[in-house]
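**Student:** Given only the sequences and the hints, what does the whole structure look like? Please build it.
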Amino acid sequence: MKIAIIGTGGVGGYFGAKLVQAGYDVTFVARGEHLKSIQNNGLTIKSFLGDFKVDNLKATDKITEIDKPDLIIIGVKAWQIKEIRDNIKMILKDNTVILPLQNGVLASEELSESIDKKHILGGLCRIISKIDSPGVIHHIGITPAIIVGELDKSKTERIEKIQEIFITAGIESKISENIEADLWKKFITICVSGLLAVSNTTYGELRSMKETRRLMIDLLKEIFLLSQKIGAGIETDFVDQAVAFIDSFPYDSTASLTRDVWEKKPSEIEYQNGTVVRFGEKHGIETPINKFVYSCILPSEIKARGLKA
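Take the position in the sequence shown, starting the count at 1, then add 9; the result is the number in my numbering.
In short, the hints are calculated from the structure, not lab data.
Incorrect hints may have been included.
[Said to hold, decoys possible] DSS-like mimics (lysine-lysine), calculated; alpha carbons at most 27 angstroms apart, straight line:
#: 1; residue 1: K219; residue 2: K183
#: 2; residue 1: K238; residue 2: K126
#: 3; residue 1: K102; residue 2: K77
**Tutor:** Structure, rendered in structure tokens:
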């Protein structure tokens with residue numbers, strides 16, 4: 010089983026290192042100083058569940074150099090899918106499986122614009138992690154988990170095999186009977202990231218003040234109503250579930266989008282609150298809080314990408 014990890018950040022770095030630790034043949038795609046450190050010193054994982062390190066890793070900055078893998082796990086930012094999909098297409102075997110773990114609900118669709126849909130699964134992960142320094146991944150919170158599912162809701166041998174790979178590597182994994190619903194559940198929850206950015210708060214601070222907690226809940230409700238309109242199949246009490254889940258996050262934790270906005274880097278805002286706004290307009294659902302969050306972040310996003318308003 011040859012596995013390629015495309016994007017060795019907080020997500021790809023953590024899960025890839027766990028797969029190496031379990032003995033799988035893994036090739037990492039990374040860039041810059043992070044790549045150099047991985048090539049020379051391996052990957053160090055700092056985790057509240059226990060630190061570990063993996064050495065003698067295969068790593069490159071060129072997707073097309075990867076020997077045709079059996080499984081490709083995509084850990085790049087959502088907006089980078091369009092940039093890499095043609096290169097991914099060049100390394101596919103007939104039975105290569107692609108598992109995107111991006112935030113949002115568009116990754117599989119955007120991949121399928123260049124790649125035969127037979128290769129593509131639906132997927133998502135649960136983890137709070139980031140690159141601490143070159144070659145070092147910090148797993149901050151949440152027991153890591155990967156949820157996988159066939160886009161047509163079928164239960165296949167390849168899905169069961171992939172789940173087995175993750176479980177063998179000590180990664181909690183679930184096969185979804187409705188991956189669209191599970192993607193929307195994460196999408197609803199992750200869109201709080203933008204609210205963290207504009208309110209300049211951690212998850213703990215946001216949920217502890219009654220004013221910002223109310224905003225958070227109303228933001229979640231807007232996206233839930235949108236999911237109902239689209240027919241994603243989410244249970245009616247999901248907003249309560251999402252709030253309880255967010256209440257379990259470490260007090261000082263933030264999200265990758267939040268940190269990107271604060272650090273004036275390109276972010277996933279178009280794939281989170283921006284997507285909510287566009288879908289809301291398309292389906293006739295009002296999304297005023299998401300629109301406010303998106304509008305507040307948009308000017309800094311344009312600057313971060315070197316564009317002009």
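**Student:** What are the numbers of the hints that this structure violates, sorted from low to high?
**Tutor:** Of the numbered hints, just 1 does not hold.
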